[in-house]
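Protein chains: 2
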Amino acid sequence: MFRQLIPFERAKQIILESIPSEPAETEEIPIYKAYNRVLAEDIIAPFNVPSFNRSIVDGYAVRAEDTFGAEEEKPVKLKLVGRINVGEAPRLTVNSMETAEIVTGAALPEGANAVVMVEYTSRKGDEITIYRPVVKGENVMKAGDDIKSGEKILEKGEVLVPRKIGVLAALGFINVKVYSQPKIAIISTGPEIVEPGKPLPLGKVYDVNSYTLSAALQELGAIPLNMGIVPDEEKKIENAIKTALESADAVITSGGVSVGPKDLIPKVLARLGKPGILFCGVSIKPGKPTTFAVINGKPVFSLPGQPTSALFVFLMLVRPALLRMSGIRKEMGIQTVEAYAGEKIFPARGRKTFVMVSLKRDDSGKLIAHPVPKGLSGAITTLAKASGYVEIPKNRQFIECGEKIKVHILEN
Amino acid sequence: MFRQLIPFERAKQIILESIPSEPAETEEIPIYKAYNRVLAEDIIAPFNVPSFNRSIVDGYAVRAEDTFGAEEEKPVKLKLVGRINVGEAPRLTVNSMETAEIVTGAALPEGANAVVMVEYTSRKGDEITIYRPVVKGENVMKAGDDIKSGEKILEKGEVLVPRKIGVLAALGFINVKVYSQPKIAIISTGPEIVEPGKPLPLGKVYDVNSYTLSAALQELGAIPLNMGIVPDEEKKIENAIKTALESADAVITSGGVSVGPKDLIPKVLARLGKPGILFCGVSIKPGKPTTFAVINGKPVFSLPGQPTSALFVFLMLVRPALLRMSGIRKEMGIQTVEAYAGEKIFPARGRKTFVMVSLKRDDSGKLIAHPVPKGLSGAITTLAKASGYVEIPKNRQFIECGEKIKVHILEN
Chain Z
5 MFRQLIPFER AKQIILESIP SEPAETEEIP IYKAYNRVLA EDIIAPFNVP
55 SFNRSIVDGY AVRAEDTFGA EEEKPVKLKL VGRINVGEAP RLTVNSMETA
105 EIVTGAALPE GANAVVMVEY TSRKGDEITI YRPVVKGENV MKAGDDIKSG
155 EKILEKGEVL VPRKIGVLAA LGFINVKVYS QPKIAIISTG PEIVEPGKPL
205 PLGKVYDVNS YTLSAALQEL GAIPLNMGIV PDEEKKIENA IKTALESADA
255 VITSGGVSVG PKDLIPKVLA RLGKPGILFC GVSIKPGKPT TFAVINGKPV
305 FSLPGQPTSA LFVFLMLVRP ALLRMSGIRK EMGIQTVEAY AGEKIFPARG
355 RKTFVMVSLK RDDSGKLIAH PVPKGLSGAI TTLAKASGYV EIPKNRQFIE
405 CGEKIKVHIL EN
Chain D
5 MFRQLIPFER AKQIILESIP SEPAETEEIP IYKAYNRVLA EDIIAPFNVP
55 SFNRSIVDGY AVRAEDTFGA EEEKPVKLKL VGRINVGEAP RLTVNSMETA
105 EIVTGAALPE GANAVVMVEY TSRKGDEITI YRPVVKGENV MKAGDDIKSG
155 EKILEKGEVL VPRKIGVLAA LGFINVKVYS QPKIAIISTG PEIVEPGKPL
205 PLGKVYDVNS YTLSAALQEL GAIPLNMGIV PDEEKKIENA IKTALESADA
255 VITSGGVSVG PKDLIPKVLA RLGKPGILFC GVSIKPGKPT TFAVINGKPV
305 FSLPGQPTSA LFVFLMLVRP ALLRMSGIRK EMGIQTVEAY AGEKIFPARG
355 RKTFVMVSLK RDDSGKLIAH PVPKGLSGAI TTLAKASGYV EIPKNRQFIE
405 CGEKIKVHIL EN
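Chains as they are written, first to last, in the working numbering: chain Z, 5 to 416; chain D, 5 to 416.
Bound-form chain Z, shown alone:
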C-alpha cells in the first residue's frame, strides 16, 4: 500500500480531473420545482421582452412630431381618442394631432411613437394640451429593449436561484431541463461506531458522520443514500462499497483509513476496479489519511473517522467534486470574512493546517476568531461552536494574537 502524502492542491486537482466535465443525466421538471437545480440547457428567449412597445409612465401616447415646438407659452393641443389600460390590446390608432391616454405598462397604440408624461399636460374634455415636446421613443420601452427574441439569457450550468426562475417564467417556460442530482452513498465504518438511538456500551461512540455528511450533501443539492454502519470486516466493507457503487454516482466512506492493522478501506479499494486508488494520504491537518479512488468511473472518497476532520475534508475535497458532478460551471468559492485572531494560533508542523474557529464580535464590532476548542481536540464541541476555519501555510510558525486573518465560513 502506498502511503506517500501528496500536497493539498494536487489532491484537489486529481479529484477534479476524474470527474467528467458535464453530468450525463438530465431531466425535465416544472419551473416551480426548479429552485436550486442546475440548468442543463441554454435558455434562448423565444420572443421579445417586452413583447410590445410599452409605456413607462402615465400620460398621453402621441406622435412625437406633433409635439415639436410645444412649450409652456405655446402649447400644442391634441384630440383625445381613447384610453389604454394595462393588460389591454389597444383597439385604436393615434392619427396626426390625436392622442390616447395611457398608463405605465400599457401597450402603445398604433400610430403613437412616444408618451408625454401626465405632468406636462392638461385636459379639458377631449382636448389635451401638451406643454413639452417629446422625441420619438421617449418614455417608451420598445419591444425587445429588455431581451431580444433569440438572445441567450441563461446558460447551461447556472444554478436556478429565485431571480433566474423568474426569468424562465417571464419567457413563458413551464418546464426546464436540469441536470439530475447526483446520488451519493454514505458508509460509516469503525468498530467503535454505534447508531444513535441504540444503547452506548463502554468504549463506543455514536455515528456522527452519516448524519453530518448526509446534511452536507443536501446542502449542496445532492441526494444522500445512507448505507449505515459497516463492521470492520474486509468482506463486509467490500460488499457495502460494491452495493453502494451499484446504486450511487459516488461513494463517501468515513473511518477505517488511519495507519494501523485495521485499515481495511484502502485495501478493499485497491482491488475493486480500475483505475483504483489515486492517492492515499494528503499533507494537510486535519485530513491526512484521506484516500481517493475511482472504481469503474465512479469516485470513492474515504474520509477520516473523526467527525470534524470528516466534515472538513468533505468541504475541502468532496464539495468541489460534487459541484462539478451537479453540473455547476461557475467556480463557487467558500465565503470568507475578515477577522482578527483572538489568541496565538499554532499550525501542525510541516503540514498545511486548517484550524477551526468560532467568531464573535467585540464591542467595537470587529470579528474575533478563537480556535475551537482550546486545548484538547474535542470533536463534538468543535462541531457545535466552530463557524469557520483559518488556513495556515505549511511553513508559517504561528498566527499572532490580534493579527488580521481570513476566515472561511463553514456553511451558508
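Among the hints, erroneous ones may be present.
Identical copies look the same in the list; a pair holds intra-copy or inter-copy alike.
Using 20 Å as the maximum straight-line C-alpha spacing, the simulated PhoX-like pairs for lysine-lysine come out as follows [claimed, not checked]:
#	residue 1	residue 2
1	Lys389	Lys410
2	Lys187	Lys37
3	Lys202	Lys37
4	Lys410	Lys370
5	Lys240	Lys271
6	Lys389	Lys334
7	Lys389	Lys160
8	Lys78	Lys128
9	Lys156	Lys146
Hint data in this document are derived by calculation from the structure and do not stem from the laboratory.
Assemble the complex: chain Z is given as a structure, and chain D must be docked to it using the hints.
Quick look at chain D alone, frame taken from chain Z:
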C-alpha cells in the same frame, strides 16, 4: 386611504413588531430530515462526551506514578497485561508496574491514568520499556472533557446546519423538536398578468412574481402556497386573500398597489380584519408602494408588481419577518462584498435608493459593480444579470466611478 410614505427602517420595525417572538407550532422529526430546520428546544447533553476516558494517542496505558523518573538512560520496565482496541470495553485492570497496549480512541482500562506514546517505548515480549515519564491525565481525554453531561450544547432558535445535526447524533438523538415551517400564500394580481404556458396576447406579460417569490420562500425554509393569478376585481381579490388567510400563516400579494384607480389591494386590506393596514408606502426605490397589514394576527405583505421590485422588497422587508416566523433568533444579515463602482451611479431623488448591480472581476482581481441594466428599467434582464445591490442614502448625490462600495448579495 392614507398615502404617507414612511422611512425604510420604520417600516421594518413595524413589520418585526407585529411578529410574535416565538413561533407557536413545533414538530418532532428524525434528525436525518432536520437539515436547515430550526431548533425549538435547548439541547442538553444527556451524558458525558466522551463517555469514557479515551486515549488520544497510540501507546501504552499506565499508572503515571510508575513512570516517574524514567529517562533514556534509566528507563522503567512494565509488564504488558493486554491490549485495548477502539470500540472495546477493557476487560483488564492495570495494576502497579503493569501496562496495556492501547490505540487512539480506545477506552482507558481500570487502574491506568495516563498513556505513554509508542514513540517513547520499546517492547520485548511482555516487557515494555518506558523512556519518558508521563503525568496523570497525559494523552487522555477524560470523560466529559468535550461535553459535560447536563451542559447546554445547542440552543432553541439555532439553524440545524450539518455540523449541528452531527452534535445531535453524537448525543444519541434520533428525533429533534423543531419549529414548524411557516406556510406563506402567494397571490399575483394585475390585469396584465398571464400564467406561463398559456398564449401571451398583446399587452400582457407572464406572471413572474409567483415563481420568484415561491423560490425565495423555499430558500428561506418556508412553504409556499401558490394561489395563482387573481383578476383585478375587488370581490375576487377579497375572496383570494380571505382563503389565503385561512390556510397560510402569512400572505404575500404582488401587483395592484401602485397609485391609480385600480389599487384594490389596500382598499380590500383596510376592511378585512383588525388591526388592518399598518403602513401604505415606504420611502425607498424600488418598493415605494409596498403596503403592510395585519389581519387577525396574520401579516399580509403587498408588494409592487414589477418583478425586480417585488423580489427586492421581499428581501428587504419580508425576509426579516420570515426568519422570525421560522423561529431563527440570530440576526441573519445579508452577505456583503466589497466592490468598486464601474461607472457613476445615480440614486432617485429624495428616497433611499437601492441599485441592482452585476459583479465581475477585472484583470487585477478587483470586483467591479455595474448597474443592471444600463438606462431603461428592464425587469427581466435585471433578474438575469444582477447579483447584488448597492444602497444609496437619501441625500447622497451619486456614487463616483471607481468608488469603493459595499454590495449586498441577492442570494447564497
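Structure versus earlier hints, numbers of those that do not hold, lowest first
none
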